[in-house]
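J.: Sequence:
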Amino acid sequence: MSAEIRLIIADDHPIVRRGLRQVIESEASLKVVAEADDGAAALALIEELKPQAVVLDVNMPKLGGFDLMREIRRRRLPVEVIFLTMYSDEELFNEALDLGAKGYVLKESAVTDIVNCIKTVVTGEPYISPALSKYLLHRAGRADSLAKQKPSLQDLTPAEQRILKLIAANKSSKEIAEELYISVRTVENHRTNICQKLEIHGNNALLKFALEHKSELIS
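Heads up: the sequence shown at position 63 corresponds to 213 in this note's numbering, and the numbers run straight through without jumps.
Honestly, the hints are just simulated from the structure, not real lab data.
Ideal Cβ positions, reconstructed from N, Cα and C, are used throughout, including at glycine.
You can take every hint at face value.
Result set (EDC-like, lysine to aspartate or glutamate): computed pairs, CA atoms no more than 16 angstroms apart in a straight line: (1) 321 <-> 338; (2) 324 <-> 338; (3) 315 <-> 325; (4) 200 <-> 185; (5) 315 <-> 338; (6) 321 <-> 310; (7) 181 <-> 154; (8) 269 <-> 177; (9) 257 <-> 162; (10) 269 <-> 154; (11) 315 <-> 328; (12) 200 <-> 154; (13) 347 <-> 310; (14) 347 <-> 305; (15) 257 <-> 239; (16) 315 <-> 362; (17) 315 <-> 305; (18) 212 <-> 162.
Label-pair restraints from in silico Cβ distances: (19) 258 <-> 342: 54 to 60 angstroms; (20) 358 <-> 238: 42 to 48 angstroms; (21) 347 <-> 250: 29 to 35 angstroms; (22) 266 <-> 366: 38 to 44 angstroms.
Required output: the full structure, derived from the provided sequences and hints.
T.: See below:
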């Protein structure tokens with residue numbers, strides 16, 4: 151990281167921008183290179199000045215914070231995004247993180263949080279206001295729940311995994327039956343069960359799945 155961290159502040163309230171700038175620049179290593187009062191102006195400044203971080207209000211005229219974030223990602227601008235909001239809203243919080251924001255700070259705690267947030271996100275690490283930590287726990291819980299619900303190779307029996315490995319070797323049901331000393335009908339039943347367990351649909355989908363996960367299958 152360079153000695154000086156350059157950033158832009160975008161908020162449509164001049165008093166908020168002024169207060170933020172004073173807090174941020176009280177830290178010698180941080181420099182506000184520009185301010186914007188709407189999202190479109192912020193986007194132009196980010197492209198021109200190439201700061202390491204940008205502090206965005208969620209609600210701004212012309213281009214809202216989330217729409218601006220989408221445009222930043224679409225244009226692949228190398229800047230870390232910190233959202234600043236007065237709303238302690240879990241849905242907004244999740245949308246910000248889903249868009250790829252590294253920082254999320256409440257305006258009410260910006261005086262104490264913003265400097266640490268900026269220093270953290272420019273290293274590539276996330277930072278959120280401590281008051282929102284419960285939302286992170288909820289988010290992690292949902293991710294774990296989805297992972298548990300998603301079908302995987304662990305749902306297959308050893309016999310089904312062996313058959314899937316032979317499918318990955320591009321063997322026909324007849325060839326698999328001969329190799330495992332079982333009937334073709336038994337192989338077909340296994341194929342059907344595998345597709346049902348893994349929620350695979352389509353003529354070539356099973357072969358494609360088998361090839362993609364070949365290294366994970368038991369012998």
